[in-house]
Amino acid sequence: MIRIPQVRVIDEEGNQLGVMPTPKALEMAQDRGLDLVEVAPMAAPPVTKFLDFGQYKYDLTKKEKEAKRRQRSVTFKEVRLSPKIGIGDFETKVHRAIEFLSDGDRIKVTVRFRGRELTHPELGRNLLTKFTDLVKDHGVAERTPVLEGKSMFITMASTHKPKVVEAPARPGRTADAEAPAAAPAATAPTAAPTEPVAAPEAGSTKQHTTPEPPAVASEPTAAVPASTGE
77 MIRIPQVRVI
87 DEEGNQLGVM
97 PTPKALEMAQ
107 DRGLDLVEVA
117 PMAAPPVTKF
127 LDFGQYKYDL
137 TKKEKEAKRR
147 QRSVTFKEVR
157 LSPKIGIGDF
167 ETKVHRAIEF
177 LSDGDRIKVT
187 VRFRGRELTH
197 PELGRNLLTK
207 FTDLVKDHGV
217 AERTPVLEGK
227 SMFITMASTH
237 KPKVVEAPAR
247 PGRTADAEAP
257 AAAPAATAPT
267 AAPTEPVAAP
277 EAGSTKQHTT
287 PEPPAVASEP
297 TAAVPASTGE
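Numbering (my numbering), first residue to last: 77 to 306.
Because the hints were derived from the structure by calculation, they are not lab data. A couple of the hints might just be wrong.
[Claimed, not checked] Cut-off 25 Å, straight-line C-alpha distance, at most; resulting in silico cross-link-like pairs (BS3-like, lysine-lysine):
1) LYS144 x LYS133
2) LYS206 x LYS184
3) LYS153 x LYS184
4) LYS153 x LYS226
5) LYS160 x LYS226
6) LYS160 x LYS141
7) LYS184 x LYS160
8) LYS226 x LYS169
9) LYS226 x LYS206
10) LYS169 x LYS153
11) LYS184 x LYS144
12) LYS184 x LYS226
13) LYS169 x LYS141
14) LYS100 x LYS133
Starting from the given sequences, assemble the full structure and let the hints guide the process.
Okay, structure coming up:
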């Protein structure tokens, strides 16, 4: 229940009705078969809107679920380095990170120190700076390098998120490619036009009997007298 004496009202079509006493706003909402719902309770005065509260609550729940689903779909990958990593291994890690970022994943690049390496944290910081510079076309750093215990890390977000949307389109393209391939199979029954030719044969039954296919069968019978002649 709204206990504020005055509220700012927006109707169900989004039109501003201005500030009015709360009882009047409630009466107007009831006349329209709707509820008076606070959509910005912290405003001065609070902003209300004529809504179907049941539908409004359902839409909010649906949006929250969709937001959670999107958050879960973005995975977090980790790439581990060491201050003394070789050039070949370093390039492999960079290539791997680019693959993750291209798929829309966030990555965590971690440099792990061993023994006295921890006394030179600048080695890890320089390594992370070089790493992020090599993948900057695919991701952006979310924070500066952070040292925690014996590890220094940085997180990066992908700049290729639209590719997640393109991925489902690939099966559609292959399906379209297969569809034309099926078309020649459909044209194979071109022998069907021979059946319409049979229609004229049905119209003239005499023409069908005149070819007399049995005449071909009479040639084998002619071979029988040849044997009797012997």
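Hint by hint, here is what the structure shows:
1. LYS144 x LYS133: Within the cut-off at roughly 17 Å; holds.
2. LYS206 x LYS184: Holds: LYS206 and LYS184 sit about 15 Å apart, inside 25 Å.
3. LYS153 x LYS184: holds (6 Å)
4. LYS153 x LYS226: Since the Cα atoms of LYS153 and LYS226 sit roughly 20 Å apart, the hinted pair holds (cutoff 25 Å).
5. LYS160 x LYS226: Holds, because 15 Å separates the two Cα atoms, which is no more than 25 Å.
6. LYS160 x LYS141: violated (45 Å)
7. LYS184 x LYS160: holds (19 Å)
8. LYS226 x LYS169: holds (20 Å)
9. LYS226 x LYS206: Distance of about 20 Å is within 25 Å: holds.
10. LYS169 x LYS153: holds (12 Å)
11. LYS184 x LYS144: holds (21 Å)
12. LYS184 x LYS226: holds (15 Å)
13. LYS169 x LYS141: Violated, because 35 Å separates the two Cα atoms, which is more than 25 Å.
14. LYS100 x LYS133: holds (24 Å)
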